[in-house]
Amino acid sequence: MSENILDLPLDARPDPDEFVRAAMEWHFNPETGSAYWLRRAETLGFDPRRDVKTVEDLALFPNIINELREVRAEDLIPRGYGPEPDVVGVYESGGTTGAPKRVVILRDWWKRIMAWMNAGMDAAGFPRDVDWLVVMPSGPHMAGKMSEQHATDRGGIRFTVDMDPRWVKKLVAAGKAEEAEAYAEHLVEQAAFVLRTQDVGVVITTPPLLERISRHDDLVDLINEKVKGIVWGGAHMDADTRYLYRTEVFPGIKLRGTYGSTMILGGSNERLDLAHDDACVFDPPAPWVTFRVVDPDTGRAVEYGERGQVVMNHVTKNMLLPNNLERDLATRVEPLAGRAGDSVADVSPVAHFDDEAVIEGVY
Numbered sequence: 583m584s585e586n587i588l589d590l591p592l593d594a595r596p597d598p599d600e601f602v603r604a605a606m607e608w609h610f611n612p613e614t615g616s617a618y619w620l621r622r623a624e625t626l627g628f629d630p631r632r633d634v635k636t637v638e639d640l641a642l643f644p645n646i647i648n649e650l651r652e653v654r655a656e657d658l659i660p661r662g663y664g665p666e667p668d669v670v671g672v673y674e675s676g677g678t679t680g681a682p683k684r685v686v687i688l689r690d691w692w693k694r695i696m697a698w699m700n701a702g703m704d705a706a707g708f709p710r711d712v713d714w715l716v717v718m719p720s721g722p723h724m725a726g727k728m729s730e731q732h733a734t735d736r737g738g739i740r741f742t743v744d745m746d747p748r749w750v751k752k753l754v755a756a757g758k759a760e761e762a763e764a765y766a767e768h769l770v771e772q773a774a775f776v777l778r779t780q781d782v783g784v785v786i787t788t789p790p791l792l793e794r795i796s797r798h799d800d801l802v803d804l805i806n807e808k809v810k811g812i813v814w815g816g817a818h819m820d821a822d823t824r825y826l827y828r829t830e831v832f833p834g835i836k837l838r839g840t841y842g843s844t845m846i847l848g849g850s851n852e853r854l855d856l857a858h859d860d861a862c863v864f865d866p867p868a869p870w871v872t873f874r875v876v877d878p879d880t881g882r883a884v885e886y887g888e889r890g891q892v893v894m895n896h897v898t899k900n901m902l903l904p905n906n907l908e909r910d911l912a913t914r915v916e917p918l919a920g921r922a923g924d925s926v927a928d929v930s931p932v933a934h935f936d937d938e939a940v941i942e943g944v945y
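Numbered as in our numbering, the sequence shown ends at 945 without a single skipped number.
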């Protein structure tokens, strides 16, 4: 079977099951698979090239996400990329539930996921050729790299305010709420310096930081005067807050969410044409990324309109990360026509995950 189906742009509509079969051949063929998966295949108890034939069959895999805390990055790169793979970077999870997990992003996937997300911004009416203020984590976090690429692709200058979400989570876990609040206000102050002096057209930040910015009337006025669009992600926003921003706090500004994870090497776009009081629905780029919403006790899909825990699958040439039970609850929504898996709405964190309390902090 040709591997070309794995190279299609993310707005294509490949047969989802044919796509999965091509991915199994790529990742478990000794000539093209990664050292990690070729070694791990010996412990699976099934043959992915023979037994995984549909998107639903991805549920056969164990959740290997926690193994990514210790695996050598080189072992995650498929051999099919040759001796000099074009590595964009190694990116880590936020460390919400313990030691961070790592993934490797290669150039071909990076170009396709960024093109897809930029097309989503165009469809939502976000401006090009404006400057960006990015108040997001950089360093090992993928969000900073993605925002840099967005600004470059869309023709603007990127102004940045760095944040260390792990430090905030440590402060909150240690009961040092005042220190965490002081750090958050420090971030707001840094953002204010840029907003007051530069021609910012788009702001990208997290819901906790946007909430803190909105406490400052002068900054709200500046944003309403200068900014054309706000992108939020990295943490959760409830429907009432989103409605308030859209109708009262930032009524003339496009507000759009993204929902993703380092463990899917990207994100999903907020569905277009939603009313201000509709639930915030996210559609992933299936079949490259698919969601399932399940009962965490049984692993079975809940009914449409019911809430469950989100399972994510990332299936590309770049990487295979199937059957990952995420730390999020969501309402199951029918996917867009022709797309595999589920869409999700009203995403919120679980209280505990992997025996750890889930702390969002600022990201």
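A hint or two may mislead.
Distance condition first, Cα-Cα at most 27 Å in a straight line; then the derived DSS-like pairs of lysine-lysine [what the hints assert, rightly or not]:
{"hint": "1", "residue 1": "Lys810", "residue 2": "Lys836"}
{"hint": "2", "residue 1": "Lys752", "residue 2": "Lys635"}
{"hint": "3", "residue 1": "Lys727", "residue 2": "Lys635"}
{"hint": "4", "residue 1": "Lys727", "residue 2": "Lys836"}
{"hint": "5", "residue 1": "Lys727", "residue 2": "Lys752"}
{"hint": "6", "residue 1": "Lys808", "residue 2": "Lys836"}
{"hint": "7", "residue 1": "Lys810", "residue 2": "Lys758"}
{"hint": "8", "residue 1": "Lys693", "residue 2": "Lys727"}
{"hint": "9", "residue 1": "Lys693", "residue 2": "Lys836"}
Bear in mind the hints are in silico, worked out from the structure with no lab data behind them.
Each hint tested on the structure:
no.: 1; hint: Lys810 - Lys836; result: holds, 6 Å
no.: 2; hint: Lys752 - Lys635; result: violated, 43 Å
no.: 3; hint: Lys727 - Lys635; result: violated, 34 Å
no.: 4; hint: Lys727 - Lys836; result: holds, 22 Å
no.: 5; hint: Lys727 - Lys752; result: holds, 24 Å
no.: 6; hint: Lys808 - Lys836; result: holds, 12 Å
no.: 7; hint: Lys810 - Lys758; result: violated, 36 Å
no.: 8; hint: Lys693 - Lys727; result: holds, 12 Å
no.: 9; hint: Lys693 - Lys836; result: holds, 25 Å
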